[in-house]
Amino acid sequence: MSEVALGIFLVVIASFLGVPAIILLGLVLVATGAVQEVWGRRGLDGIEYRRHLPSPHGIVGDEIAIDISVWNRKALPLAWLKADDEAAAGVVVRERDLVRAESGESVLRNAWTLAPYERVVRHFHVLAERRGVYRIGPAQLAVGDLLARPAATGASPGIDVWTVRPRSVAVRAVVSDQRWGGELKARRGLLDDPTRYAGIRPYQPGDPLRGIHWRATARLGHPVSKRFDPARQREVVVALDIETGIGPAGADRYDDELVESLCVAAASLVRQLRAEGATVGLAAAAHSEGTRTMAYVAPGGSEGQLGRCLDLLARLSSFPSAPFERLLAMLVRSVSPATSLVVLSARDPSPYLPALRGIERSGYPVWHLGFGPAAPALIARARAAAIASSPAQLDGPWRTATALLVGP
Amino acid sequence: MAPDEGSSANLPTTSVAASGSDQAPPIDGRAVWSALSEAVAQAVVGGEEALRLLATALLADGHALIEDVPGIGKTLLARAFARALGLHTARIQGTPDLLPIDISGSSLIEGGVFRFVPGPVFTNVLLVDEINRATPRTQSALLEAMQERQVSVEGETRPLPEPFILLATQNPIEYEGTFSLPEAQLDRFLVRLQVGYPDAGAERRIARRYQADAEPLDGVPRVLDGPTALALRDRVRRIRVSDEVESYLTSVVRATRDHPDIRLGASPRASVALYRASQAWAFLAGRAFVRPDDIKALARPVLGHRLLIDPDRSMRGATAQAVVESVLAEVPAPPVSAVQDA
Amino acid sequence: MNRRPGPLVTAVGRALDVLPTILALIAEGSWIAVVYALLRGASHEWIELGPVVLAGFAGAGLLIGRVLAPRLGGRWPAWAVVITVLAAAAGWLNAATTWSALLSPTPTAALGVNPGGWITGLAFLRGLGYARPSSPDGAVRSPMPVGLPAVVVSFLIGGLIAEPGRTVFRDAALVSTIVFVATATLALALTRASTLGRASGFDWRGNRTWFGLLLVFVTGILVVAVPASYAVGPAVMVVIAALPVPLFFLGLTVGLDRRLLRVLLVLLAVVAVLVVIVRLIGPHPGGPDAGGATGGAAGPTATPDWLTLVGGVFVLVLAAIAVGALAAIWMRQAPAPDDGAVAEERTIDHGVGSTSRTPRRFHLRLRRQREPTDASSAYLATLRELAADPPLERRADETPAEHARRLRSSGAGARFGAAVDLLAADYELVRFGASALTPGEHRRALGRWRRIRALVHRRPTAG
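Chains as they are written, first to last, in this note's numbering: chain P, 1 to 408; chain X, 1001 to 1342; chain F, 2001 to 2463.
It is possible that some hints are incorrect.
Quick partial rundown of chain X residues pointing at chain F, CB under 10 Å, derived from the structure [what the hints assert, rightly or not]:
1) Y1197
2) P1198
3) G1201
4) P1227
5) L1230
6) R1233
7) D1234
8) R1238
9) V1241
10) R1287
11) P1292
12) L1328
13) A1329
14) E1330
15) V1331
Computed far set for chain X versus chain F, every beta-carbon distance over 10 Å [what the hints assert, rightly or not]:
16) Q1093
17) S1242
18) L1264
19) D1293
20) R1313
21) P1334
I should point out that these hints are in silico values taken from the structure, not numbers from a laboratory. As the structure is a computational prediction, the values presented were derived from the model and not from experiment. Yeah, the Cβ is synthetic: ideal placement off N, Cα and C, and Gly gets one too.
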């Protein structure tokens, strides 16, 4: 029975019995019930609840600022307003522990007491402890009435998403020659670089019409073709082997520390390659978004390319989605001829060494980087298969490492 | 590549012609803008802000880079603008095999003597479509033309016709097979602008317009000519920039250099560009002086492409546009400390 | 930056901290006092314990529980029983009749004397309940769920007591009931707000509007509901008695549909049930109260002791005002609430047409400044006027035109937004464009400044 009904019942009974004290109690119940009704109907009116994420990106170890503001845009004061922001697994807020809501979800709980037209902004910081894509929201709102009893509930549907990219560290190459960035010599498959115009030469049957230098042809009276120097700058794709040797491909068992270290190493390589001006891409046989089994960012040299690669690493599942050989086969079909392939792997390369050899024979320079504690054994196997291989190692745990050491 | 010859149709050119003297009769910049926007509207639906920036670039003696996703009408806008100017126009399609001599021209032997055949750069309005598909070498060939208004071919320097404006387009999301414009060249564009998606009403009008057989550009009248454009530039140079506004302008530019997200802030050339662009902007608004609002309106298109974001900050999501926004939010606008001022 | 609060503010803050618990204890004492009055009235004895004494027992229970429970550990339940029995015995002994019975030749008969005295044990037990830490799920202890039924049942049973016990009971219980209503309502609200605030990071003491409205609500209930409780009874009876007949005729006129018929039947059933109840437990001639009963089912029978009643309500209103004053002192001088490490900004923002309180003396000081003489200085003077009101103030990064546009699109600012716009345009012409304005334009600009100044000073303020 509602409070108002109970109050009316008491008033009626007490009126018959002639007991003013019970009438008083009944009237009080009617009044408090009415108060609850008013706040129940109007409590959430004019409530403006917002989250503000100044930057949707962060690096592991960062603190990402997030502001939560609430505005009571009406003349009714609120004893309290509670907001439960649904938080994805892994979200850590520096200022406040997440709590378990009635629904079982992990939530960031906030409550305010709000005067009429009062606006409150709280500044929180989300700790970016692990790479990934995180979200917060939607929020469940509840308000209290004048007597601070729960009066109304509602929802604020907005969701905020941020990406925590892996750390990238300086790459210290101990090798004598600069092997990446398109500097590897290809055995064959060299292409003309249209940016490196070298002059003209007599037309030969089979030359594309597009290659004919029409002005010079007109001037000289016989057909001539444009001549270009071979391409010196090539595209580089970092192929990350996410498998850490525990269980077969597709199994979700993995060495967490090793996977994170691999991601830091891959991020560092991509960053270094971009800094050297290379056109760089990234690929991994892992889930990144949706149902796609291959994660791939095509080589590019634009300003945002590094961000795209890091975002891919942020989203990358920690376990493989398909055999690494299948990724290598896909890459051969996708990348331009003579693209350099840097394979970063922390496991025995034997299963995919035949594929690497085939790729190299097709004109794609391949460089294998054996990563992790077993690197010497890994590179020995790769070298035995005539694949250029070097050890790569972080100079500390992935959270604190300052350099990626690439050995000879 | 046919020259678009014609004379201005809608402008009071007689008054402009007399603008060389100090006592030149006032030219209503709003009339210029109105005529130009009406002319371009015959072919382009919406995009008023972008068109105003193009007109600003023309009047401030600069060049414009139109950057937006495919299918948004970049090229159509640039072509309609060029046609409305009634100036000699040439168009180049950026491709990887486009060579510098394809732009500047070369000499042919005719009757035993070399005859210089000028390239498309010898024009008033040069429209370079998909500039980032051209090779860096070709892009560099445009540098001299953009900055010096001249081209050196086979050891000989040849001046470009006046006025000269380069309108380039590029697609920001396609990266494969493209060559990003180097910072030095980006700096030479007075403004970088986006056209943006049309609203629902405009999109309906666009669809309806293409039901007709007629080529939309055919309906664009010519509202300017070379001498008029030069006279307008001369008038724009005399738009007043007060000390207060000048100080605000330099504060905004300098603040970009101190911003924590920036590795390379806006150069002094950016200050000059912002100064001249704001004069042109004020002129088009029918004013004889620059307001702080003009600086604010132009800060994004003039400064945005000249800033180099720190890689670490970039990895954390910092963007040049956000830096400009934050600078505008931090630099006090005139009148500064108004309470003590009086 | 937080101020360091003074000793007075610290003391007031602590008092407000414990206020919900004190109110809850008084409410506990009050409803127990009603039950006590019933027991005493039934045995035709005078009332010796009031709400304050019983609240004291509850408070003692709270204190002893808080002090001893952690120290005694597993032995505490047994000790709690012993101490509760001692507390009950203290109440039983607090009556002359008990002592005289104890000193009589048959002291065992004393056990049947002063049964109401044992109620102090109940008060002590209720107090012990408050010694437990608050529930982690935010549920709060409140006197309401137990106290309200107890009071209602006490009054229903009290109607059966023969006079003069019934009058004794009702006179004593009415004041306790009023105290219970006031303190239990306040305690419920404040305890809930405190509990949730502790768990989720806010301090109810920072919301003076809510607290003020709560006090107004509680005192309003007392001021309105107490007299109304004497007037409502007859009115309700008249309405209920009179309603079936018009409804019946209304039904005959418009046709008795199923819904109206149902209402009519329910009403008749209610009347029938009430008549039965009244016949069973209500006062009736020839009953135990034949000597003093006035009326029966026709209306309220108790004659209120108006002096006590008015005095009680007056004291409660004074108490509410005192609490409000204490809260106001704390709110004015206390530091900003510190919610752990969360940085927080609080503003009163009316959005469009936002207003805020501006110190009067600031306006006066501004008025003494030199008055503007031309359009340019009129604009600057206008900015000074608006600077006193944060929502209207020109932000540092705002250009004059942007500022005017914001004011035009806002609520209260819209009234003079257009004038600010024109002043800004004049200023720009003079300062940025080096244009000379006509004397008429300067005059009009000064007129606009005067109008804006008048409007700014006339605007309502809100805090």
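Status of the hints after comparison with the structure:
Hint on Y1197/X is violated. Least Cβ distance to chain F is approximately 25 Å, over the 10 Å limit. With a cut of 10 Å, the hint placing P1198/X at the interface with chain F is violated, because the nearest CB-to-CB distance is about 25 Å. At a threshold of 10 Å, the smallest CB-CB gap from G1201/X to chain F is about 23 Å, leaving the interface hint violated. Taken as an interface hint, P1227/X does not check out: its beta carbon lies about 28 Å from the nearest beta carbon of chain F, beyond 10 Å.
The interface hint given for L1230/X is broken, as the beta carbon of that residue sits about 25 Å from the closest beta carbon of chain F, more than 10 Å. Because the beta carbon of R1233/X sits about 21 Å from the nearest beta carbon in chain F, more than 10 Å, this interface hint is broken. Taken as an interface hint, D1234/X does not check out: its beta carbon lies about 19 Å from the nearest beta carbon of chain F, beyond 10 Å. Contact between R1238/X and chain F, as hinted, is not supported at the beta carbon level, the nearest pair being about 13 Å apart and thus beyond 10 Å.
Of the supplied interface hints, the one on V1241/X holds, with its beta-carbon coming within about 8 Å of a beta-carbon of chain F, less than 10 Å. Because the smallest distance between the Cβ of R1287/X and any Cβ of chain F comes to about 7 Å, under 10 Å, the interface hint for this residue holds. For P1292/X, the shortest C-beta to C-beta distance to chain F is roughly 4 Å, which falls under 10 Å, so the interface hint holds. Of the supplied interface hints, the one on L1328/X holds, with its beta-carbon coming within about 6 Å of a beta-carbon of chain F, less than 10 Å.
A hinted interface residue such as A1329/X counts as satisfied when its beta carbon comes closer than 10 Å to some beta carbon of chain F; here the least separation is about 5 Å, so the hint holds. For E1330/X, the suggested interface contact is upheld, since its CB lies about 7 Å from the closest CB of chain F, less than 10 Å. Interface hint status for V1331/X: upheld, as the beta-carbon distance to the closest one in chain F is roughly 7 Å, under 10 Å. With a least CB separation of 42 Å from chain F, Q1093/X remains clear of the 10 Å interface cut-off, as annotated.
Some Cβ of chain F comes within 10 Å of the Cβ of S1242/X; the nearest lies about 5 Å off, and the non-interface call is violated. The beta carbon of L1264/X sits about 24 Å from the closest Cβ of chain F, which is more than 10 Å, so the claim that it is off the interface holds. Here D1293/X does not stay apart from chain F, with its beta-carbon only about 5 Å from theirs, under the 10 Å limit. The Cβ of R1313/X lies farther than 10 Å from every Cβ of chain F, with a closest approach of about 22 Å, so its non-interface assignment holds.
A beta-carbon of chain F is positioned within 10 Å of the beta-carbon of P1334/X; the least distance is around 8 Å.
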